[in-house]
Structure formats: structure tokens, C-alpha cells
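Chemist: Below, each chain spelled out in residue letters.
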Amino acid sequence: MTPSPLSHDEQAIGQGYRENFDRFNEVLHATKYDRFLRFFNFGYAPLEGEEHYGPPLGRNYPNRDSALLLFQVVGEADLTGATVLEVGCGRGGNLGLLMEHYDVGRVFGTDIAFNSMAYCTDRYPAERARFFQADAQFVPVRTGSVDAVLNVESSGCYPDVERFFRDVSRVLRPGGWFLYADLMARTFVDRYREVFTALGLDVVGEKDVTPNVAESRRLRAERQRLAFGDGKAPEGMEEWVGADGSTLNDVLTGGKGAYHVFRCRRSDREADPAQQFTDEERGEMTLSAAEGVELLRLGAPGA
Amino acid sequence: MTRDELFTWISERFAEILEVDPSTITNESDFAELDADSIDIIEVVNHVEREFNLQIEEQLLYDIATFGDFVDVVEREIAKAS
Ligand SMILES: C[S@@+](CC[C@H](N)C(=O)[O-])C[C@H]1O[C@@H](n2cnc3c(N)ncnc32)[C@H](O)[C@@H]1O
Numbered sequence: 000m001t002p003s004p005l006s007h008d009e010q011a012i013g014q015g016y017r018e019n020f021d022r023f024n025e026v027l028h029a030t031k032y033d034r035f036l037r038f039f040n041f042g043y044a045p046l047e048g049e050e051h052y053g054p055p056l057g058r059n060y061p062n063r064d065s066a067l068l069l070f071q072v073v074g075e076a077d078l079t080g081a082t083v084l085e086v087g088c089g090r091g092g093n094l095g096l097l098m099e100h101y102d103v104g105r106v107f108g109t110d111i112a113f114n115s116m117a118y119c120t121d122r123y124p125a126e127r128a129r130f131f132q133a134d135a136q137f138v139p140v141r142t143g144s145v146d147a148v149l150n151v152e153s154s155g156c157y158p159d160v161e162r163f164f165r166d167v168s169r170v171l172r173p174g175g176w177f178l179y180a181d182l183m184a185r186t187f188v189d190r191y192r193e194v195f196t197a198l199g200l201d202v203v204g205e206k207d208v209t210p211n212v213a214e215s216r217r218l219r220a221e222r223q224r225l226a227f228g229d230g231k232a233p234e235g236m237e238e239w240v241g242a243d244g245s246t247l248n249d250v251l252t253g254g255k256g257a258y259h260v261f262r263c264r265r266s267d268r269e270a271d272p273a274q275q276f277t278d279e280e281r282g283e284m285t286l287s288a289a290e291g292v293e294l295l296r297l298g299a300p301g302a
Numbered sequence: 000m001t002r003d004e005l006f007t008w009i010s011e012r013f014a015e016i017l018e019v020d021p022s023t024i025t026n027e028s029d030f031a032e033l034d035a036d037s038i039d040i041i042e043v044v045n046h047v048e049r050e051f052n053l054q055i056e057e058q059l060l061y062d063i064a065t066f067g068d069f070v071d072v073v074e075r076e077i078a079k080a081s
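Residue numbers (numbering that gives the first Met the number 0), protein chains in the order written: chain A, 0 to 302; chain B, 0 to 81.
Note that these hints are calculated values from the structure, not bench results. Do not rely on the hints blindly, as some may be mistaken.
Using 25 Å as the maximum straight-line C-alpha spacing, the simulated DMTMM-like pairs for lysine to aspartate or glutamate come out as follows [stated by the list, open to error]:
id, chain 1, residue 1, chain 2, residue 2
1, A, K231, B, E74
2, A, K206, B, E42
3, B, K79, A, D121
4, A, K31, B, D71
5, A, K231, B, D62
6, A, K231, B, E27
7, A, K255, B, D34
8, A, K231, B, D29
9, A, K31, A, E221
10, A, K31, B, D39
11, A, K31, B, E74
12, A, K206, A, D121
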């Protein structure tokens, strides 16, 4: 095996998320909701008076807020026939929706958690959807081979997010879409835009969805916490669902964090090979990824 | 099992989940009016699947509006399975 270019600390972060998400899968697997739980994200709730955006959803669709978040991320991108790669796809709910509502071609999902990949392989049709365990910082596909890369609420886990963005730029064909959303430090939003541009990813649409994501948490977090533990949610579940008073909820609602959607298209320009984020920015992002590992450790089942 | 018996059995389970009086649940009861969300629906589906040894396709559940529609789905699935 070739030695990993990731530092020891960076590898430990990846390992930490892998363990956390594998464990979270085990918890969900033990609940009666298991087969319906196809998303791990904070979702998007329409604010008062806001009209439904995106394909129609059945009224009992079980993960409505997560579906609405995906619709925001896709926006007006035309994905007809597109080969789509979702990095950090979790249980594959986003790709399932793309197959159902956007007439996409073949889809690929990767994630660092083995259990999620096993779940996906069991549930989506193998002729259309393939899943691989892989680290986002090394996207295992050929240069210029995909029409769209999707990445939802995952990049905050990566110790070196620039490495990931570079790989997105590499694997997209010119004109291809990078459909991206995550909770990030508000101070980084402008920097992300600059970095994307430097890497040959032109920002063609963006939206701050923080209020909607916060609203989704306000409406759903407590209910999900109960469902995810079948009434006895393990300690630590508050963070997973972003419950009121949790650290992640504070970041989301306290002004420090921005849940931001970026829609980019791959230009013909070469990616600038120079390092984009400053050492200080990189340090801050790595630290925040490391803190997330600790926040998302699940304890024993609670009472 | 007749449809009426099936209706009674499911409405009793559903009433327990929602913590309401079973007599308030009718064929016309709207899930939204019953204040039932998708988690409640999944829960009752689980009871039904275990009791009748069925596997109900998720897509069949996404669009139903009333309790009666749900009982109809279950009735059809039981007929298909036997
Ligand atoms: C909050 S979940 C989002 C999952 C999915 N995108 C969704 O919207 O349901 C974050 C995902 O990122 C994955 N992840 C964390 N670190 C990763 C890494 N270094 N490489 C790939 N996936 C990673 C986790 O396993 C998890 O599935």
C-alpha cells in the first residue's frame, strides 16, 4: 500500500467519523424506522408563506425536510441523463430522490462509513446505483468523467476540505455541476466562493438557507430524537438531531454558522495549483472537523 | 378477516400510537387532522406488517390521505400475499 498523504491527525479524524457513523447506523438499524431513514441531514423547512419548491412529494413522504433540502441544492440544474456522484452520501436518500424525480443517468455514491454503503447496496437498484467506501479527499473516479458531483452536509467532516474541492474540480467534465451545501463558519462563505473560482468552479447560484434549516430543526429535532432511539435515544443523540440547546443548534441559530448552498459549474480553466486556504484557515477547519468527531460520539442507550 | 374487522384492528393500534379514543378514527379521518406524521404512520405499518406477515412497499404510503385509504392498501396487500 502507498502511504497516505494525510497526516496522522487527519487520518484519525476520518477514522473517528467512520466509527461514529457506523455506530449511528447500528442504532438506527435497531429501530422500526430503519428502512425509511435514508438521510442524515438537518433538512429544510419552508418558512411561513413560502411556496413549495421542487418536484411534488407525497404528503406522507417520510423525510420531507431532507427532500426539500435536496431540491434547494439542485435548484435549476438540469440533470437529465447525468452521471452523478454523491460524495459522503450516507444512506443514499439524495441519490434515491434524483433517480425518482430528476431523470438522471447512473449514480455513484461514496462514503467513509462501511455500514452506510452496505445499507445503500441493499436498497437501491444495482443497474442504476453503485456505492463505494472511500474517503472524500480521494474521489476514486476518472478525471473529467462525471456530469455532477453532489455533496450535502458532509464536507465539515473533512480535515482537508481543499483537497476535496480540488478532486471535485478534477473529476467534473467541463460544464459539469458541483451541487454543494453545508453548515460552515459564516466568515468562510466569501472565501469558499473565491476558492471555488480559483479551482475552476464558477459559482452560478447560491443561497443562505440557515433560517430554513433552523426551522427544520425547531420542528423536527425532538421527534427524530425519539424515533432514532425508539423512545430510548442514546446519549449524544441531541447533537445528531441538532436539538435545541445542542452545540450544533447553537452554531446554526446563534449567527456563527451559515448553512449555505453553492451551485457551481466546471469552467474550461485549469485549477490554480497553489494552495488556496491560508494555513490559519486550514487549521481552523481541521480543528472544527476534529471537534465534530467528539460531538457525534454516541453513548449507551438512554432511559 | 372482513374489512370491518381489519378496520377495527388497525384503528385500535393507531389510536394507541396517537393516544386518542379509537372511536374518533373513521374511514374519512385525514392523517393531518389526526395529527399523525410520517413516523406515526410508519409505526402503525410496522404493527400491520408483523401481524399479517407482510412487507408493504414504501411508495404505497406516500400519497394516502385518509385512514380509510390506508386500510384499503393493507387489505389489498393481504389479498396479494395470500
Ligand atoms: C451528515 S451526513 C450526510 C449524509 C448525506 N449526504 C445526506 O444528506 O443524507 C455526513 C456524511 O459524511 C460522511 N463522511 C464523514 N467524513 C467523511 C470522509 N472523510 N469521506 C467521506 N465521507 C465522509 C459520513 O459518514 C456521513 O455519511
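Chemist: Next, verify each hint and record whether it holds.
Modeler: To see whether the hints hold, each was checked on the structure:
| no. | hint | result |
| --- | --- | --- |
| 1 | A:K231 / B:E74 | violated, 33 Å |
| 2 | A:K206 / B:E42 | violated, 36 Å |
| 3 | B:K79 / A:D121 | holds, 24 Å |
| 4 | A:K31 / B:D71 | holds, 22 Å |
| 5 | A:K231 / B:D62 | violated, 30 Å |
| 6 | A:K231 / B:E27 | violated, 34 Å |
| 7 | A:K255 / B:D34 | violated, 35 Å |
| 8 | A:K231 / B:D29 | violated, 29 Å |
| 9 | A:K31 / A:E221 | holds, 17 Å |
| 10 | A:K31 / B:D39 | holds, 11 Å |
| 11 | A:K31 / B:E74 | holds, 22 Å |
| 12 | A:K206 / A:D121 | violated, 34 Å |
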